[in-house]
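Asker: Chains as they are written, first to last, in my numbering: chain U, 372 to 840; chain L, 372 to 840.
Watch out, some of these pointers could steer you wrong.
When chains are identical, the list treats them as one kind, so a pair holds in a single copy or across two.
[Unchecked claim] 30 Å max Cα-Cα, derived DSBU-like pairs, lysine-lysine:
# : residue 1 : residue 2
1 : Lys549    : Lys376
2 : Lys481    : Lys549
3 : Lys744    : Lys809
4 : Lys512    : Lys548
5 : Lys512    : Lys481
6 : Lys376    : Lys512
If you are wondering where the hints come from, they were derived from the structure by calculation, not from laboratory data.
2 protein chains.
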Amino acid sequence: MADAKIGFYYKNVCEDVIGEEHGITPQQFDEMAQETAAATEEVNRHREEGLIPYRDLPYNEAYPKQVKEAAKAICGSCENFVVLGIGGSALGNIALQTALNPYLYNLDPKQRKGPRLFVFDNVDPMQFGSFLDWIGGGLDKTIFNVISKSGRTAETAAQFLIIRQMLLDRLGPEGYKKQIVATTDAQAGTLRTITDAAGFHSLEVPDGVGGRFSVLSPVGLLSAAVCGIDIDALLAGARAMDRRVSEGDFFANPAAVNAAIQVHYYYRGKPISVMMPYSYALKDLSDWYRQLWAESLGKCRDLDGREVFVGPTPVKALGTTDQHSQVQLYREGPNDKVYTFLQTEHFGRDLEIGSCPPEAPELGYLAGSGMGKLLNSEKLATEYALVKDRRPCLTVLFDRICPETIGQFIYLYEVTTSIAGVLFHINAYDQPAVELGKEATFALMGRAGYEELAEKIKPFTCPDQKFVI
Amino acid sequence: MADAKIGFYYKNVCEDVIGEEHGITPQQFDEMAQETAAATEEVNRHREEGLIPYRDLPYNEAYPKQVKEAAKAICGSCENFVVLGIGGSALGNIALQTALNPYLYNLDPKQRKGPRLFVFDNVDPMQFGSFLDWIGGGLDKTIFNVISKSGRTAETAAQFLIIRQMLLDRLGPEGYKKQIVATTDAQAGTLRTITDAAGFHSLEVPDGVGGRFSVLSPVGLLSAAVCGIDIDALLAGARAMDRRVSEGDFFANPAAVNAAIQVHYYYRGKPISVMMPYSYALKDLSDWYRQLWAESLGKCRDLDGREVFVGPTPVKALGTTDQHSQVQLYREGPNDKVYTFLQTEHFGRDLEIGSCPPEAPELGYLAGSGMGKLLNSEKLATEYALVKDRRPCLTVLFDRICPETIGQFIYLYEVTTSIAGVLFHINAYDQPAVELGKEATFALMGRAGYEELAEKIKPFTCPDQKFVI
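Between the sequences and the hints, there should be enough to build the whole structure, so can you do that?
Answerer: Shown next as structure tokens:
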């Protein structure tokens with residue numbers, strides 16, 4: 372079982388399959404190979420220089436040990452495990468849970484090996500209120516894992532202050548602290564200060580690792596371990612992929628080939644990158660990828676300070692569901708997208724499609740077949756239809772869905788993003804545009820020192836005119 | 372309570388707000404007004420000619436009566452209500468449930484007035500298998516609502532054949548038929564034939580109404596009514612919107628203004644249309660809209676048969692969640708998107724943010740405030756930041772989220788789509804591109820008569836080469 376792998380299949384972007392106008396020619400591939408081999412080398416150099424510590428997370432021995440110890444302590448007494456976080460402090464957790472635990476994990480006690488898991492990455496009073504109504508008296512059997520490097524992210528801070536108040540009121544100052552685990556900076560910051568003062572159990576958000584690259588640190592590992600996911604196998608998968616994506620030979624390096632193809636199409640009229648898993652379990656990996664790709668590559672300035680306003684738009688889709696929603700557009704609309712299918716060769720199980728009622732022989736072709744065969748046939752059929760319309764298609768093929776292959780996938784896309792960042796000649800690791808919105812929120816919430824900004828915002832936001840009712 | 376409304380706010384697409392290059396000038400608005408008033412008239416004429424019967428669904432008196440009767444019969448004996456459908460037979464049902472029932476409806480018996488609801492719109496053996504494991508012996512307390520106009524949609528047919536076999540094996544030929552309600556064509560087709568032979572209770576999929584326009588028919592209404600949603604109020608909301616969107620005066624017609632703005636931007640370098648609700652409850656309306664918009668407007672030929680390959684790409688996002696995922700790209704990436712925020716002025720409830728620990732005074736601005744205020748402040752802050760970067764922003768503002776306003780929203784976007792179809796000069800009501808994929812699926816599943824196609828597909832799908840492992 373240890374040799375489960377993912378493969379990257381790119382035949383259906385080639386000129387001989389989808390034609391000269393939209394396909395990639397052998398000559399183009401050779402040019403891409405040269406440029407991208409250099410980009411891969413640069414990423415490898417960044418790693419050696421300690422600039423991208425996310426690359427070494429799969430080799431960290433302290434983190435999984437700490438995480439497993441914390442998980443063990445938590446599992447005994449806990450019926451509900453609640454992550455309070457947003458962005459990189461939530462999307463990885465959600466993706467791992469959907470990928471590696473059963474669909475009805477939360478609803479069916481027989482299908483889970485740990486507590487129920489909730490991940491709240493919003494500040495919606497209706498949604499969060501519904502949860503609080505339900506959790507009611509069960510607070511003492513609920514662990515809240517608040518995740519924030521600084522502790523100043525408004526959404527996570529707001530959630531935390533509500534939960535903290537509630538726990539204090541119900542359980543008192545000694546009882547409440549047992550219900551909170553903080554994942555935060557090891558040394559400094561708002562949440563670190565609160566954690567040290569209150570005596571919460573805590574884990575570390577590593578330095579120099581942006582949220583979107585942090586799933587293989589305690590940020591993403593704790594909820595996974597608590598819910599029975601084999602985090603050692605996950606990390607082993609990432610290490611196995613590391614060997615492949617560090618490879619200097621372009622055509623043997625799936626991250627290099629993937630990055631090169633994505634960047635190639637971005638500059639040739641295909642600024643939209645669709646990820647379409649044919650597996651419900653893989654669906655939230657698309658959402659994780661969507662942050663990784665958008666926040667890393669959407670940049671207005673390049674490394675030389677020139678205005679570029681660059682960045683592909685990632686779109687998440689789901690097969691077969693979106694065949695009945697998006698495929699009409701994908702086939703007949705503008706040829707402005709590159710498609711990446713995620714497919715698994717083996718499902719952990721299959722369901723036999725029952726016999727066909729005699730009055731409906733037209734359904735006979737389904738009877739006795741497996742649902743998994745149908746799902747994979749639909750994928751191939753959709754890909755065939757797209758290719759016939761000269762749309763470029765890639766596939767990440769999973770032997771099966773397990774911690775090893777999920778770890779490989781995560782690491783593959785992280786390194787693909789780093790290489791694409793070099794090819795775009797931008798900084799893939801910052802997110803400067805998030806700042807103004809944060810300040811405007813402070814202003815609108817009446818924070819002292821932001822009065823002037825609050826005045827500036829008023830005319831943009833008041834529905835006084837150009838309003839159709 | 373009957374006067375809850377939605378408004379459409381478009382000031383932040385205007386030239387005086389976001390500048391000449393990306394904003395719409397008064398002169399452009401006047402030109403759009405002329406063209407779009409004519410398009411609105413044409414849509415009104417299509418309605419009078421009986422070409423778009425979806426427009427009259429809110430006035431149908433038989434459907435809500437039949438649906439409420441069926442719902443009443445179901446609710447007594449049923450703990451789980453399961454929709455088997457895909458595309459337009461699923462997305463509306465999901466959107467209504469998320470919008471109008473509590474977040475933890477399925478998990479918390481105290482929060483629901485009807486059975487648990489599951490909507491399966493895929494053929495994933497792991498996902499569906501998890502459900503079957505859970506439902507186990509409770510099959511006799513579960514009603515399956517299979518929804519398909521023809522009954523030949525492969526996904527729905529496969530689900531149905533599995534469930535039918537299971538029910539037959541457990542409950543026998545007399546017992547099993549009580550657990551199935553079919554929503555299908557009134558006269559003909561595979562599912563109608565099966566339904567009549569087996570004696571299932573059935574409801575009608577209206578003629579001439581495509582799946583994506585069918586949510587206000589029995590297709591979408593039954594699961595809503597069963598789960599305690601006031602479908603009369605929903606339909607009343609749609610009727611209230613009908614008066615506004617039939618309006619000849621462009622500037623008083625929110626569907627006309629919306630369609631005109633969307634089409635304007637499509638042809639001016641903004642082919643991506645993002646819908647970003649700031650409310651968890653509204654999030655699946657984006658997914659419903661995504662089908663409506665993509666399948667209706669993504670067309671390769673116009674009404675004169677010319678090749679056009681037209682169609683905006685709808686993207687669903689969610690505030691505040693995606694501020695920490697997509698907003699970096701939205702602000703600094705290419706200015707190739709038009710943004711539509713959904714916002715609710717009043718939440719049915721609010722949560723007070725607790726007091727601030729003394730060691731973290733920097734969070735003091737949050738303490739004592741409401742979570743709803745924070746959510747709406749984040750929306751305004753994000754909009755302000757986008758507008759500062761000259762990105763066009765629209766808002767649909769809900770007084771509050773209730774069946775009346777959801778009915779208004781649905782009807783607003785359906786008619787917006789019809790008007791946009793006229794402006795694009797395409798047929799908004801067909802989906803020809805879905806056919807080839809269906810046939811390819813038949814071929815891959817070994818259906819008789821498709822052997823030649825199966826041979827053709829082989830070379831495109833076999834991962835024999837261009838494969839990085």
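Asker: Determine for every hint whether it applies to the structure shown.
Answerer: Hints, verified against the model:
1. Lys549 - Lys376: neither (40 Å within a copy, 46 Å between copies)
2. Lys481 - Lys549: both (27 Å within a copy, 28 Å between copies)
3. Lys744 - Lys809: Between. Shortest inter-copy distance 15 Å satisfies the 30 Å Cα cut-off; intra-copy 48 Å does not.
4. Lys512 - Lys548: within (13 Å within a copy, 43 Å between copies)
5. Lys512 - Lys481: Both. Shortest intra-copy (19 Å) and inter-copy (19 Å) distances satisfy the 30 Å Cα cut-off.
6. Lys376 - Lys512: So lysine 376 and lysine 512 fail the 30 Å test inside a copy (38 Å) and across (42 Å) alike.
Hints 1, 6, counting from the list given before, are not met by this structure.
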